[in-house]
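Protein chains: 2
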Amino acid sequence: MERFRGLSPAEFFHRNKEIAGFSNPARALYQTVRELVENSLDATETHGILPNIYVEVSLDPSDENKVTVTVADNGIGVPLHEVPNVFGRVFYGSKYVIRQTRGVFGLGVKMAVLYAQMTTGKPIYVRTAPMGSKVEGEYYLLIDVGRNVPHVLKMRFRKKERNRHGTVVRLTLEGAWALVKKRIEEYIRRTALITPYASIRYKTPEGEMIFKRVTRELPKPPERGLYHPRGVDIEILKEMLRSMNSNNVTLKEFLVKNFESVGERTAEEFLRWAGFDPELRIKDLRIQDLEILASKMKSYDKWRRPRSHTLSPLGAHLLEEGVKRILAPEFVAAVTRPPSSYSGHPFIVEVAVAYGGEIQLQDTPMLLRFANRMPLLYDEGVDVSRKVVDGIDWSVYKVKFPAPLAVVTHVCSTKIPFKGVGKEAIADVPEVERELEAAIRDAARKLRIHLVRMEKMLEVKRREVVYRKYLDEVVRSLSYITLISEEELRRKFEELIARELGRVSSDEEGGYSGAA
Amino acid sequence: MERFRGLSPAEFFHRNKEIAGFSNPARALYQTVRELVENSLDATETHGILPNIYVEVSLDPSDENKVTVTVADNGIGVPLHEVPNVFGRVFYGSKYVIRQTRGVFGLGVKMAVLYAQMTTGKPIYVRTAPMGSKVEGEYYLLIDVGRNVPHVLKMRFRKKERNRHGTVVRLTLEGAWALVKKRIEEYIRRTALITPYASIRYKTPEGEMIFKRVTRELPKPPERGLYHPRGVDIEILKEMLRSMNSNNVTLKEFLVKNFESVGERTAEEFLRWAGFDPELRIKDLRIQDLEILASKMKSYDKWRRPRSHTLSPLGAHLLEEGVKRILAPEFVAAVTRPPSSYSGHPFIVEVAVAYGGEIQLQDTPMLLRFANRMPLLYDEGVDVSRKVVDGIDWSVYKVKFPAPLAVVTHVCSTKIPFKGVGKEAIADVPEVERELEAAIRDAARKLRIHLVRMEKMLEVKRREVVYRKYLDEVVRSLSYITLISEEELRRKFEELIARELGRVSSDEEGGYSGAA
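Going down the list, the protein sequences come from chains A and B. Take 1 as the starting number for the first sequence in full-length UniProt numbering and just add one per residue. Take 1 as the starting number for the second sequence in full-length UniProt numbering and just add one per residue.
Derived from the structure by calculation, the hints contain no laboratory data. Treat each hint with caution, since some may be false.
[To be verified] Derived, one-sided and incomplete: chain A residues facing chain B with beta-carbon distance under 10 Å:
hint : residue
1    : E82
2    : R89
3    : F91
4    : G93
5    : T119
6    : G121
7    : A294
8    : S295
9    : S477
Yeah, the Cβ is synthetic: ideal placement off N, Cα and C, and Gly gets one too.
Turn these sequences into a full structure, and let the hints guide you.
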């Protein structure tokens, strides 16, 4: 006879930890750093705070498979009464709203806690000073796996200055540091690229890296939004209907209140097109009506585009700053495209093309991919960005391989169309592919102008060398013929050459101006 | 201010459906068929029943994106009081035991129900006749997403004959049939290969395929097992300790009772080696002790290997039957390796090598992968089997490409080491890689014998042609010299030739005997 039973979410993920990326001690360590850093960024920049982030990895001297990860930030902190659930209950969080964030699962940090407690048995340590609170709290906690509730081992509260805020998290887990340190370092570097306004200190057994912020300018934080009518399914509609306080609401009012970019007129036009009476009370809707409503909402082609106030791109200027900070190229040009959308989800594509300087020569463009300001390090081969970059004939833009060329792509969306379950590659949704190609070509055109100008400069330099080679001879001969003094003639010729070169060098002033 | 809240497991998977493979209407349809078929196989063969499975895909005539999937089996049925939870509550199931099964998540069919209700709003229909019960039940149900409980719309019970049993499930979801029908067909074909004892009828809008069983022999079902000491973590130890009825149990008794292949003596030797008193009461264990215990259990190298009674390989004979059923080759040889283990998890590798017949010529060996009798259709490029097959120099085995060569690999384990989260590729764990290579080489050697013999046969045939070409002339001349009659001489020569050919053809008797 079969025995049936239910699992708690914590039990489920304890048994299936690879689903959340904790498949082995190397990947688990990478994932832990990543979850903590991304939480710290979300706790700072989203709330208008310039991030100061400290990341430390240290090894137990008696067993170097036991790795302690500490991440500290100056974020808004976690409300003290929420700490146990936020760190100790799977599927609990603050990110279940429609706007661009890094984490969306309410799963990441809990998985790190679970992994730590199943491999080393150690509780997570959390110290948090919530913004505006007069008290800060310190916690040691585990997850009660069977019941999916936090198990607080110790907690302590202290008075603090009102304006101090931030969170420190420390975890000890079994990790394969040697196998994964290169990848974690690359993750930190790329995070520093996409957050030029953040100061990041990264300390490891091998040494320390410090990325000072290169700007104090923060991108505008995303606002919360409503669903676009094309982005919902029957279940979401049902939940919206349940959450309406009164059943006397009409269908028209329901649409206007719950959806993005739907005014009275749009709602009425749509409902008539879909065969519904706009004045129908929502309490009179049957389940079949919901099915028709959802399907009509998807196929109606006169909705306004979703607005992009829920998104927070970096902007071309910050993206260029970030690229300069990490790649130190000779030239960079960034492009932020206007908002677009797919299946009711708004998205924005940004791209930077960087050339020369410290970028290594390579046979194909080096690609750095980001989604909602998160670096994507795995599965590049199947990402839409790779496809677009490989589809471009770079000789059109005067690039000859091997070349020191890097392409940075950043897709922001309330719903990134990830390919499969790894969340490391973006699918080739036609709308996104189109925007990426437009952005890359736009930036590449600026690179072309730069490369043509560089070619001209070289040409001028070559001419200068030729001039100077014959200058003495010409001056002497001319002086002999014209009887003008050699000094006078030399001065005039020097002026001529200087003017020629000056014209070029003043064009180049400002170093990165080609990108503006 | 951030708003915090918890999600139910159903809400979580509703929002993150791609985690369970339901990322788009094509993949969701594939996944739905797969989940239902695998449940049906688990409900039959695991309980000693020869499976009769009926799969039907039909399209709504008014909207062909609305796809209805029906799967019926003659399995043991679902206990009537469990039906609502089994189909309507995420993380509920009967498969949370240590033994080889297909599904392990308690998630698959619920995801199909969720996907159906969010895309078409239609409930799942279940009719089940549990084995030994006098009643059968019929249900229409949805999942209450917010609370993760089943919402039964209608149910009905009927008397039935005691010996009738089985389950019918029907779902209507949004699916992209045209995009995915080839892949579903391939899935069904490969399922038929790995279950030669199953009869499968597959009906689609395009027609019907019928796979009659080719044998009535079932592989021995897997038994439930205990954890191997190397396969546990601290959380599992804690749960085991909690489940002991008495706290007066000693550490030694605890190990003997809870673990695979651990007798009194092994337990005592291990505990002394690890620095524990075997007579210590488990109630006196501290959390630090657990950590040491778990880590010592992993590193102790004198445990006996895990037993393989939890596994259920097909066996070489059934695997050959399956290959003949689907690939219809000229030659097939299958090999089942003895049990092995990695990190405390037992596994068995089986391999078949098939050649000629209806197999197409290809430049590299065609590969068909299976794990716990499930076909793996995606991500072949990163699977350990592909790596091993590509690493073999096939000319050693007399195979010249392009060749009509297929390699079938089957890994059985209580924990398949899947690569990443897609569960479509097996990682290159050294132990598994080694076993795969040994098995493939073993089968390939049998193929080599076959190919050498075929070469020899061709050689003989060639000689026969030569003999016959000169036979008349030789007989005539010899008769003239020896005065023996031409008839007599011809008879003797014919006998000689026949004996030569007879030797070869009697070797070949039985067609597939080269594989035995």
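Hints and how they fare:
1. E82: holds, 5 Å
2. R89: holds, 7 Å
3. F91: holds, 4 Å
4. G93: Holds, about 7 Å.
5. T119: At 6 Å from the nearest chain B Cβ, T119/A passes the 10 Å test, so the hint holds.
6. G121: Given a least distance of 4 Å, the restraint on G121/A holds.
7. A294: OK, holds: A294/A within 10 Å of chain B, min 7 Å.
8. S295: For S295/A, the interface hint holds, since the closest Cβ of chain B sits about 8 Å away, which is under 10 Å.
9. S477: At 72 Å from the nearest chain B Cβ, S477/A fails the 10 Å test, so the hint is violated.
Hint 9 from the earlier list is the only one contradicted by this structure; the remaining hints agree with it.
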